[in-house]
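Enquirer: Sequence lines, in order, name chains A and B. Under the UniProt record's numbering, think of the first position of the first sequence as 1, with each following residue one higher. Under the UniProt record's numbering, think of the first position of the second sequence as 1, with each following residue one higher.
These are computed hints drawn from the structure, not numbers from a lab. Treat the hints with care, since some could be wrong.
Claimed, not checked - For each label pair, taking beta carbons as the anchor points, the in silico distance ranges come out as:
| hint | chain 1 | residue 1 | chain 2 | residue 2 | range |
| --- | --- | --- | --- | --- | --- |
| 1 | B | Glu86 | A | Pro56 | 23 to 29 Å |
| 2 | A | Pro56 | B | Pro528 | 56 to 62 Å |
| 3 | B | Leu202 | A | Pro56 | 52 to 58 Å |
| 4 | B | Arg373 | A | Lys74 | 49 to 55 Å |
| 5 | B | Glu176 | A | Ser39 | 36 to 42 Å |
| 6 | A | Ser39 | B | Asp112 | 44 to 50 Å |
To be verified - Straight line, CA to CA, 27 Å or less: simulated DSS-like cross-link-like pairs of lysine-lysine:
| hint | chain 1 | residue 1 | chain 2 | residue 2 |
| --- | --- | --- | --- | --- |
| 7 | B | Lys386 | B | Lys396 |
| 8 | B | Lys162 | A | Lys116 |
| 9 | B | Lys218 | A | Lys89 |
Since we're looking at a predicted model, the values are computed, not measured. A virtual CB, placed ideally from N, CA and C, is assigned to each residue, including glycine.
Below are the chains, spelled out letter by letter.
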Amino acid sequence: MKKILAVDDSASMRQMVGFTLKKAGFDVTEAKDGSEALSIAKQQGFDAVISDVNMPVMDGITLIRELRSLPNYKFTPLLMLTTESGLDKKTEGKAAGATGWIVKPFNPEQLLAVLKKVIR
Amino acid sequence: MSIDLSQFFEVFFEESFEGLDAMEAELLNLEPGAEDSETINTIFRAAHSIKGGSGTFGFTSVSDFTHVLETLLDQIRDGQRQLTAEHVNLLLKSVDCLRALLGALQAEQAPDLSEANELRLKFEVILGMSDGVAEEPVESLQESSGESTYQIDFKPLPHLFKTGNEPLYMISELAELGELETTAFYDGIPSIENLSPDECFLSWRFFLTTIKPESAIKEIFEWVEDDAHIEITMCGGLFGKVASNADVETANVNIESNSGLETPSPKPVKAEVPVNSLGKKAEPKKPSEQSSTSIRVGIDKVDSLINMVGELVITQAMLSQIGEQDITETTITSLQEGLAQLAHNTRDLQENVMRIRMLPISFVFSRFPRLVRDISQKLNKQVELKLLGEQTELDKTVMEKISDPMVHLVRNSLDHGLETPEQRVAAGKDPVGTVTLNAFHQGGNIVIEIMDDGQGLNTEKIKEKAIANGLVQESDELSADEINELIFMPGFSTADAVSDISGRGVGMDVVRRNIQALNGSVEVSSAPGVGSTFTIRLPLTLAILDGQLVKVAQHTYIIPLISIVESLQIDISKVSRVGKDLDVLRLRDEYIPILRLYDIFSHQGAIEELDKTLLVVVESDNHKVGLLVDDLLAQQQVVIKSLEANYQKVDGVSGATILGDGRVSLIIDISGLIKLSGLKRPGSQELLVEAKAVEVA
């Protein structure tokens, strides 16, 4: 079972993403900010990480940069959840090592469809 | 796969309201011109989360509105715009507006958008944009009528793998669009000694025949447009693939240079799902009468519960083991030990379960900075609000119900208590008045104080008013405290004219009644020119109370321990009869009316002789009465079961509980009992006078 780490400071988004992915047969771990996600990611491996950008403590861009610098996450798909107003965030995220992005708002079907681009 | 989004609504609403509270608190902390970036960031994040969530869950009215907020905050955050007082006011109004919108959506009503639209217009004026605010859902997905063939050249840069992208998945996605013909070029692969396994040396040329538009292809490569050379060329109709890429007349689009591509990125998915699934489906459907509320509990509290349940299970195992043995001296000893252990476990468990419902009172306090700010602006008074003891914990139910009475008291303090800056200066005080909210635990109670350093209650005026309203007689001799008490009488209001701030037809009597309904009490103390203090006392929880079990005839009643002052044997020589059938006991320098419980509850067979019974002196709202009982039994914590929910409201009884032997016992409602017995305040005054008269005679 593929393991996915879902990071979002909003509990409802986290639940929605988590629920959708679990229903699609993924093993999902949730984290509420970048710093929590990073420490979880260091303890266990994941096949993909989906992270919100704007979060307290550690934001998504920093998380992606940190993760990408870890040997275990060199090739791991790291996706960010962003809003349409965050166009420059996409560039920033790519520069930090993000694989791609999912634009909010999205629904569960869209999430899974986008995920197919990087994990099967 | 379809997922019902409505299951996430409750969490979304809850966190949105929390977010709005946080926004409000931070906004009130902001000093325009001296804002720190973390505060702005917190406000931004709250708005951002609400927008993201509302968009995802289909509440477009909220997400459209939040969008302008977010844009403004983003500009302030990035330093493109200076925060002004106008912004803060507008943002605060938006917080209110969003609360209303979300509240309506939560109640599954159509939200009133007029205010939101008005505010949105103001934001748009500030932002200097009046176009394209609402992200129009991009519905650009007309499938081209016929099939086309595209030639796609895909040459990843060596670092492609390090972005986490996988060419193989992209190729399979391409294949899903139509008929795909693939050629791989491996001429870029270096000799083995130069080969780095981390890097991508392959490149591809595809011929794709599809009915999908070109944008569908671009979307597949969207994430790697900076990490590869990509060229997409339309080769015309079905047979076009024989032509080479250069000599076809159609547009040759290089993705790298096409920046317009980024905007409609929800599209790729839309190609695969019904188009209407984005906007429409998430409307609230099922009517939910019962608004299920939830509380967040710290993981440590849950852990300690699990721990205790573990111990409980061990004790249970131990006891059942003893139960299987023959009864001997030793087993009885260990049985007793086990039972003591069980009692200990149960008490711990109970305490910890109660702790789960406890929240810091800051949940209530946090709404006051805004309230005080708004009211003081309206009244042209300068006010500093001090909050103390914000971490004091209180049962969630009590908390919800104490909020309104507190708002009323604070409003009163601001309106009637504090003077205008001019008056304050004239009185030699700081022009800025202070209102302090203080909370602390005292015994099994929480005490909340609302203090102001204003002019204090005007006893003269109160007395005049009370006489005018017929509450007291001109001739009554009242102490200052007794006069102050009068403000809690029904039908009493000192405001000369009903103002917008206080005096909304809700008097202090309602405040007191609401607090009493929580088994609490409210008192006032005041000093002219120095200020007033309202003190609210509340039980920590509504679910359990410490009770004194008493015997009346064959029945057991429970008196809340908190209201008991003392219990005593009656000295018959100190009892005088007042009026027709009321006995009064002189206890030190007070006169205590004696209420015969057997009489009130119509029981036969109780001890009627005063000197053979016991008197439990109880106090409610500074009013003491003695309850005549046959005997005092144990003291214990009792779980309160609602009578209203299971039977009907009974005067003089606040609830019921089940005793250890399985019998039901009624819990006495002291203030209700006093009312029931016909002893009214300030009747105690008459009583006292009358009792004195009797004694003299």
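Enquirer: Please go over all the hints and tell whether each is borne out by the structure.
Expert: We went through each hint and held it up to the structure:
Checked against the given bound of 23 to 29 Å, the beta carbons of glutamate 86(B) and proline 56(A), roughly 27 Å apart, stay inside it. Between proline 56(A) and proline 528(B) the beta carbon distance is about 49 Å. The supplied range of 56 to 62 Å is therefore violated. Checked against the hint of 52 to 58 Å, the pair leucine 202(B) and proline 56(A) fails, with Cβ atoms roughly 42 Å apart. Taking the beta carbon of each, arginine 373(B) and lysine 74(A) are about 52 Å apart, inside 49 to 55 Å as hinted.
One distance hint, 36 to 42 Å for the beta-carbon pair glutamate 176(B) and serine 39(A), holds here, with the actual separation near 38 Å. Judged by the Cβ atoms, the range 44 to 50 Å given for serine 39(A) and aspartate 112(B) holds: they are separated by roughly 45 Å. Using a Cα cut-off of 27 Å, the hinted pair lysine 386(B) and lysine 396(B) holds, with the two alpha carbons roughly 23 Å apart. For the suggested pair lysine 162(B) and lysine 116(A), the alpha carbons sit about 18 Å apart, so the restraint of at most 27 Å is met.
Restraint check for lysine 218(B) and lysine 89(A): satisfied, since their Cα atoms lie roughly 20 Å apart, inside the 27 Å limit.
Hint compliance for this structure: hints 2, 3 are not met, and every other hint is.
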